[in-house]
Amino acid sequence: MGRQPCCDKQGVKRGPWTAEEDKKLISFILTHGRCCWRAVPKLAGLLRCGKSCRLRWTNYLRPDLKRGLLSADEEQLVIDLHAKLGNRWSKIAAKLPGRTDNEIKNHWNTHIKKKLVKMGIDPVTHQPLANSKAASSQSTVTDESAKSSDTRDELSLKEGSHREVPRPTDSSEQSSWPESGTNIGSGDDLELLVDWLSGADLSIEAWLNFAGSNNELGNVEGPLPWDGMTDWLLDYQDFGMCSSNSVNDSTIQGSNGSNF
DNA sequence: AATCCAATCAACCGCCATCTT
DNA sequence: TAAGATGGCGGTTGATTGGAT
467 MGRQPCCDKQ GVKRGPWTAE EDKKLISFIL THGRCCWRAV PKLAGLLRCG
517 KSCRLRWTNY LRPDLKRGLL SADEEQLVID LHAKLGNRWS KIAAKLPGRT
567 DNEIKNHWNT HIKKKLVKMG IDPVTHQPLA NSKAASSQST VTDESAKSSD
617 TRDELSLKEG SHREVPRPTD SSEQSSWPES GTNIGSGDDL ELLVDWLSGA
667 DLSIEAWLNF AGSNNELGNV EGPLPWDGMT DWLLDYQDFG MCSSNSVNDS
717 TIQGSNGSNF
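Counting along the first sequence from 1, when you hit position 221 you're at 687 in this note's numbering, and nothing is skipped either side.
Hints are computed from structural coordinates only; laboratory data are not their basis.
Take the hints with a grain of salt, since some may be wrong.
[Said to hold, decoys possible] 30 Å max Cα-Cα, derived DSSO-like pairs, lysine-lysine: (1) 508 to 550; (2) 532 to 479; (3) 581 to 557; (4) 571 to 479; (5) 479 to 508; (6) 517 to 557; (7) 579 to 557; (8) 532 to 557.
[As the list claims (entries may be wrong)] Pairwise CB distance ranges, derived in the manner of DEER restraints: (9) 508 to 594: 49 to 55 Å; (10) 477 to 502: 18 to 24 Å; (11) 563 to 517: 21 to 27 Å; (12) 513 to 534: 15 to 21 Å; (13) 486 to 539: 17 to 23 Å; (14) 588 to 477: 45 to 51 Å; (15) 479 to 590: 35 to 41 Å; (16) 513 to 538: 38 to 44 Å; (17) 509 to 549: 41 to 47 Å; (18) 594 to 572: 21 to 27 Å; (19) 497 to 549: 28 to 34 Å; (20) 502 to 595: 42 to 48 Å; (21) 477 to 549: 41 to 47 Å; (22) 590 to 537: 21 to 27 Å.
Idealized CB from N, CA, C, for every residue including glycine.
Build out the structure end to end from the sequences listed, making use of the hints.
Below is the structure:
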């Protein structure tokens with residue numbers, strides 16, 4: 467008797483998430499907290515695998531996520547931690563609040579690894595490469611490091627401190643991605659929250675400021691439509707989430723606020 | 001303008017660890 | 001203790017983007 471798959475492969479939607487799906491997932495978690503992922507899609511009305519829901523939440527919808535490229539400090543920390551921990555991305559991510567293991571893993575593979583190689587450092591062992599021409603040209607590398615692959619990084623840093631939150635490419639999905647100047651003071655409540663979650667600077671400071679004063683959204687007057695709805699998020703930042711009635715607290719382990 | 005190609009990153013897959021019964 | 005259920009992790013893939021030609 468084998469293990470059951472985490473979900474039926476048939477009838478389960480795959481691929482990029484739509485704004486509608488995000489909305490459903492956010493809505494569900496807002497009202498019920500994070501309960502067992504296997505049940506989430508059914509209860510939330512999603513044709514997704516529970517695993518997929520968890521991943522979407524963890525890597526993209528979670529309110530405490532930082533967006534944009536890793537700072538130089540963060541990058542150095544990742545390198546240091548990788549030297550100690552190896553490819554333990556979740557452990558590394560736990561040391562970088564607001565960053566996900568997936569994000570760090572991607573950044574490592576696309577940026578840091580190349581930089582290290584160019585610098586003549588073995589990205590696996592963190593020791594100098596044996597036959598490294600690169601090692602001899604290390605000085606030039608530090609100047610040029612990343613001229614190729616990191617040009618975009620530098621540009622994006624210059625242009626706006628960090629890269630814009632990637633937008634869904636499907637035009638039907640873009641509806642919920644606010645353009646600058648979007649008037650957040652009108653429209654469906656949940657949609658606003660989705661907009662906020664999707665596009666805003668979601669550092670914890672922003673969340674706290676936001677929850678405390680609503681100042682993050684300059685053009686909002688009066689109480690926001692989801693006032694009070696985010697209390698649980700603050701709870702879960704500090705104490706691990708799942709204050710909600712229907713949720714089994716024992717399943718929640720958000721101990722350090724970065725590892726949910 | 002069209003095509004190619006490398007870079008990027010969201011999402012999936014399979015496996016493992018832990019929990020529950 | 002065994003077996004199943006669930007969550008989480010790390011590796012990999014594939015769609016998309018944007019620069020180069």
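Consistency of the hints with the structure:
{"no.": "1", "hint": "508 to 550", "in the structure": "violated (41 Å)"}
{"no.": "2", "hint": "532 to 479", "in the structure": "holds (27 Å)"}
{"no.": "3", "hint": "581 to 557", "in the structure": "holds (22 Å)"}
{"no.": "4", "hint": "571 to 479", "in the structure": "holds (25 Å)"}
{"no.": "5", "hint": "479 to 508", "in the structure": "holds (13 Å)"}
{"no.": "6", "hint": "517 to 557", "in the structure": "holds (20 Å)"}
{"no.": "7", "hint": "579 to 557", "in the structure": "holds (18 Å)"}
{"no.": "8", "hint": "532 to 557", "in the structure": "holds (17 Å)"}
{"no.": "9", "hint": "508 to 594: 49 to 55 Å", "in the structure": "holds (53 Å)"}
{"no.": "10", "hint": "477 to 502: 18 to 24 Å", "in the structure": "holds (20 Å)"}
{"no.": "11", "hint": "563 to 517: 21 to 27 Å", "in the structure": "holds (24 Å)"}
{"no.": "12", "hint": "513 to 534: 15 to 21 Å", "in the structure": "violated (31 Å)"}
{"no.": "13", "hint": "486 to 539: 17 to 23 Å", "in the structure": "violated (38 Å)"}
{"no.": "14", "hint": "588 to 477: 45 to 51 Å", "in the structure": "holds (46 Å)"}
{"no.": "15", "hint": "479 to 590: 35 to 41 Å", "in the structure": "holds (37 Å)"}
{"no.": "16", "hint": "513 to 538: 38 to 44 Å", "in the structure": "holds (42 Å)"}
{"no.": "17", "hint": "509 to 549: 41 to 47 Å", "in the structure": "holds (43 Å)"}
{"no.": "18", "hint": "594 to 572: 21 to 27 Å", "in the structure": "holds (26 Å)"}
{"no.": "19", "hint": "497 to 549: 28 to 34 Å", "in the structure": "violated (43 Å)"}
{"no.": "20", "hint": "502 to 595: 42 to 48 Å", "in the structure": "holds (46 Å)"}
{"no.": "21", "hint": "477 to 549: 41 to 47 Å", "in the structure": "holds (45 Å)"}
{"no.": "22", "hint": "590 to 537: 21 to 27 Å", "in the structure": "holds (24 Å)"}
Of the numbered hints listed earlier, those contradicted by the structure are 1, 12, 13, 19.
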